[in-house]
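Number of protein chains: 2
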Amino acid sequence: MQRYFIEERFHEGTVTLTGDDARHITKVMRMREGEEIIVVECEETAHICAITAFNEHDVLVQQTGRTIPSPELPIDVTIACGLPKGDKLDLIVQKGTELGMYGILPFEAARSIVKWDAKKSAKKIERLQKIAKEAAEQSHRTHIPVVEQPVSFAQLVKKCAKYDVVFVADEEDAKVKERTRLVDKLKKIYDCKSILVIFGPEGGIARDEAEKLRAAGVITTSLGPRILRAETAPLYMLSAISYEFE
Amino acid sequence: MQRYFIEERFHEGTVTLTGDDARHITKVMRMREGEEIIVVECEETAHICAITAFNEHDVLVQQTGRTIPSPELPIDVTIACGLPKGDKLDLIVQKGTELGMYGILPFEAARSIVKWDAKKSAKKIERLQKIAKEAAEQSHRTHIPVVEQPVSFAQLVKKCAKYDVVFVADEEDAKVKERTRLVDKLKKIYDCKSILVIFGPEGGIARDEAEKLRAAGVITTSLGPRILRAETAPLYMLSAISYEFE
Numbered sequence: 001m002q003r004y005f006i007e008e009r010f011h012e013g014t015v016t017l018t019g020d021d022a023r024h025i026t027k028v029m030r031m032r033e034g035e036e037i038i039v040v041e042c043e044e045t046a047h048i049c050a051i052t053a054f055n056e057h058d059v060l061v062q063q064t065g066r067t068i069p070s071p072e073l074p075i076d077v078t079i080a081c082g083l084p085k086g087d088k089l090d091l092i093v094q095k096g097t098e099l100g101m102y103g104i105l106p107f108e109a110a111r112s113i114v115k116w117d118a119k120k121s122a123k124k125i126e127r128l129q130k131i132a133k134e135a136a137e138q139s140h141r142t143h144i145p146v147v148e149q150p151v152s153f154a155q156l157v158k159k160c161a162k163y164d165v166v167f168v169a170d171e172e173d174a175k176v177k178e179r180t181r182l183v184d185k186l187k188k189i190y191d192c193k194s195i196l197v198i199f200g201p202e203g204g205i206a207r208d209e210a211e212k213l214r215a216a217g218v219i220t221t222s223l224g225p226r227i228l229r230a231e232t233a234p235l236y237m238l239s240a241i242s243y244e245f246e
Numbered sequence: 001m002q003r004y005f006i007e008e009r010f011h012e013g014t015v016t017l018t019g020d021d022a023r024h025i026t027k028v029m030r031m032r033e034g035e036e037i038i039v040v041e042c043e044e045t046a047h048i049c050a051i052t053a054f055n056e057h058d059v060l061v062q063q064t065g066r067t068i069p070s071p072e073l074p075i076d077v078t079i080a081c082g083l084p085k086g087d088k089l090d091l092i093v094q095k096g097t098e099l100g101m102y103g104i105l106p107f108e109a110a111r112s113i114v115k116w117d118a119k120k121s122a123k124k125i126e127r128l129q130k131i132a133k134e135a136a137e138q139s140h141r142t143h144i145p146v147v148e149q150p151v152s153f154a155q156l157v158k159k160c161a162k163y164d165v166v167f168v169a170d171e172e173d174a175k176v177k178e179r180t181r182l183v184d185k186l187k188k189i190y191d192c193k194s195i196l197v198i199f200g201p202e203g204g205i206a207r208d209e210a211e212k213l214r215a216a217g218v219i220t221t222s223l224g225p226r227i228l229r230a231e232t233a234p235l236y237m238l239s240a241i242s243y244e245f246e
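Residue numbers (the working numbering), protein chains in the order written: chain A, 1 to 246; chain B, 1 to 246.
Keep in mind that the hints are not guaranteed to be accurate.
Copies of the same chain look alike in the list, so a pair counts if it works inside one copy or between any two.
In silico BS3-like cross-links for lysine-lysine, where the CA-CA straight-line distance does not exceed 30 Å [unchecked claim]:
# : residue 1 : residue 2
1 : K124      : K88
2 : K162      : K193
3 : K27       : K85
4 : K88       : K193
5 : K124      : K188
6 : K158      : K85
7 : K120      : K133
These are calculated hints, taken from the structure and not from any lab test.
Use the sequences and the hints to build the structure in full.
Below, the structure written as structure tokens:
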């Protein structure tokens, strides 16, 4: 069943779909009165609705009373990733959205090779936000992950205080024999509401960044004995969180 | 430290590297006598070795006695995936290798849109095998996943008997409210040595395929409440297995 996101509330069980959504229903899907769609209200509840009328450019729908159980992770997981090269951020946003990511916060890491200027940045964020929206629809989510503007490393450290727990995935930690197991760490945070997980760019987190994060109370964690690429590590973490908490 | 895979055994702690590996050491890395590299012997043990001599096109190395702990999953996990569209198999092979996959077996699923003819197939497998080798080196593995020739669905069903456990990821299962939890299934297979996990192409496993697999003793499993794309589902499964068993 096709799904549409609305930012307003239903009134007495009905709502009017406009713009792109209405066009999609009439021109692309060629739907008729009585057919059913899913309407996600304010990123909260997915209602199964029936089409009741077509106005000039709008489509009127009515709740059937049936809803779909939430597909969201029980903990909000935000991914902070050091700006990677090429189109790796596209992959992280798309796959991260499928895997339940709550939001993504790119940052300028010491080992980031690319720099985003303010002009480029706005365009890129818009593009990534579109990827997130499409992936959220495709994977049947009710929340569209927010793609934030890139921040400096210093700003990232400040933002850590906003979250219940902050982890940093540190490759150096994956190389040592006495590994700290991720499972032991996740088992301890069942009462948390929000997590931030920090990942380095290619080459990982720099040593002085790791030091500063540890000083700020961030917990270092390993993602197993294999070295994961910058774009694979967040997907591993989200899968592990889903596996543990869902 | 650079890593090289050899298919022969060390003799009295020494071995001669030839061909591409020798060329890489001398021309690309420009290494000298006494410098250290990692040599993986017969996909088993990663030995730290010192370069002892350069012959015309060959490089002689000697074990230092130090080895690197195995980065392999404790269970061999083979991924069977319905032939997907475009270059999605590239992504599955690359990321699957990073995440510890043991081998990959593509199959012609009812919903596979692409068909591989015999001529194309050999070339594609060669290319995928190269991706697996590079990803294995990059993620510090000792085993290079084997990319098998695509098989028919009937052949896939026959092959199931070779494995201790076989799972099929079934999207239909992800939609029901009473979900069967993957975690409950993985907890039961701690004594297994080999698993095959079957994934459909875009659109998932067809209903009659699911029936035939169930009849063959294959266990249906869900990968959480979100609908994952064909190329994302295997990565979720490998991450979950790593998280559970490592």
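Results of checking the hints against the structure:
1. For the homomeric pair K124 and K88, the shortest alpha-carbon distances inside one copy (12 Å) and between copies (24 Å) are both at most 30 Å.
2. Within a single copy, K162 and K193 get their C-alpha atoms as close as 11 Å, which meets the 30 Å cut-off; across copies the closest is 44 Å, which misses it.
3. When the C-alpha separation of K27 and K85 is checked against a cutoff of 30 Å, the pair qualifies only between copies, where the shortest distance is 27 Å, while the shortest distance within a copy is 38 Å.
4. In the homo-oligomer, the alpha carbons of K88 and K193 lie at most 30 Å apart inside one protomer (28 Å), although the nearest pairing across protomers, at 34 Å, exceeds that limit.
5. Taking the shortest alpha-carbon separations for K124 and K188, neither the intra-copy value of 37 Å nor the inter-copy value of 45 Å comes in at or below 30 Å.
6. Taking CA atoms no more than 30 Å apart as the test, K158 paired with K85 passes inside one copy only; the shortest distance there is 25 Å, against 43 Å between copies.
7. For the homomeric pair K120 and K133, the shortest alpha-carbon distance inside one copy (20 Å) is at most 30 Å, but the shortest distance between copies (36 Å) is not.
Taken one by one, the earlier hints fail for this structure only at number 5.
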